[in-house]
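Each chain, written out:
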Amino acid sequence: MLRILDEKVKRTPEDIKKQYPDCKFLLLDITDIQNVSGYLYCISDSPETFSEICNKRREFFNKGVSGIVMGHYKSGGMIGVQYEVR
Amino acid sequence: MYSTKLDENRYHATCLAVLDKVSMLELCIDTGAKYTCCSYNDINNDLQEQDFENCDFKYFGGFVEGVFMKFYKYPVNQFTIGNIDIKQQNIWITFDNRVNDAVLGMDILKQITFLSMGNLGNLIFFKEIKELQEYVACIK
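Listed in order, the protein sequences are those of chains A and B. Residue 1004 is where the first sequence starts when you use my numbering, and the numbers rise one by one after that. Residue 402 is where the second sequence starts when you use my numbering, and the numbers rise one by one after that.
Okay, chain A solo, but in the shape it has when bound (with noise of 0.2 Å):
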């Protein structure tokens, strides 16, 4: 389910993670690179609503506003061995 928060003060990846963790989150607004903070828009709980979480990152960026897609479903599960098929 993707569930808009639309949070009107900035926090850190960090503790977005903490608070919804095994979640993606939309935040919006990052203008350090170095040290990321947003706006807490919208999370995604479930791999299901992955591609309308990137929609809404999209929607934002048309205008103008920039946005990350962080955060893991199943604490990063997917994320196994990489090996090439040949």
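Everything labelled a hint here was simulated from the structure, so no lab data went into it. Any given hint could be a false lead.
Said to hold, decoys possible - DSS-like, lysine-lysine: derived pairs with alpha carbons at most 25 Å apart:
#1 B:K435 / A:K1077
#2 A:K1066 / B:K422
#3 A:K1059 / B:K422
#4 B:K471 / A:K1077
Assemble chain B onto chain A, guided by the hints.
Below, chain B alone, put in the same frame as chain A:
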């Protein structure tokens, strides 16, 4: 210099990929991965798989157990790790909707200098060796 903190026993980097659009994405730093991979959604969800019909591709496993997936070569004009610009790069994108995590692999990592500070839980990237030498001199 760009540094990132350990997060649940992983390091992630905030990166920019620039082609016709600018994409900001979070990549898991994976020295065990040969290639930098992500979903097309991470880059530009307007992309269509049919536009890549004549592009170079590879099959990678490791994202879903026992399954390999098709990834297309996607050249970007500029790629940054944090604030460090490493110019033109190729990344590999998939249109398989089961992929929703992104990895920064050795194809890009091998081009830059980085240092893991175990005591601080930081991974630090340097623009050049000289910057690393200056950093090490300061922490002696």
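Exercise. Checked against the structure, which of the hints given earlier come out wrong?
Worked result: none
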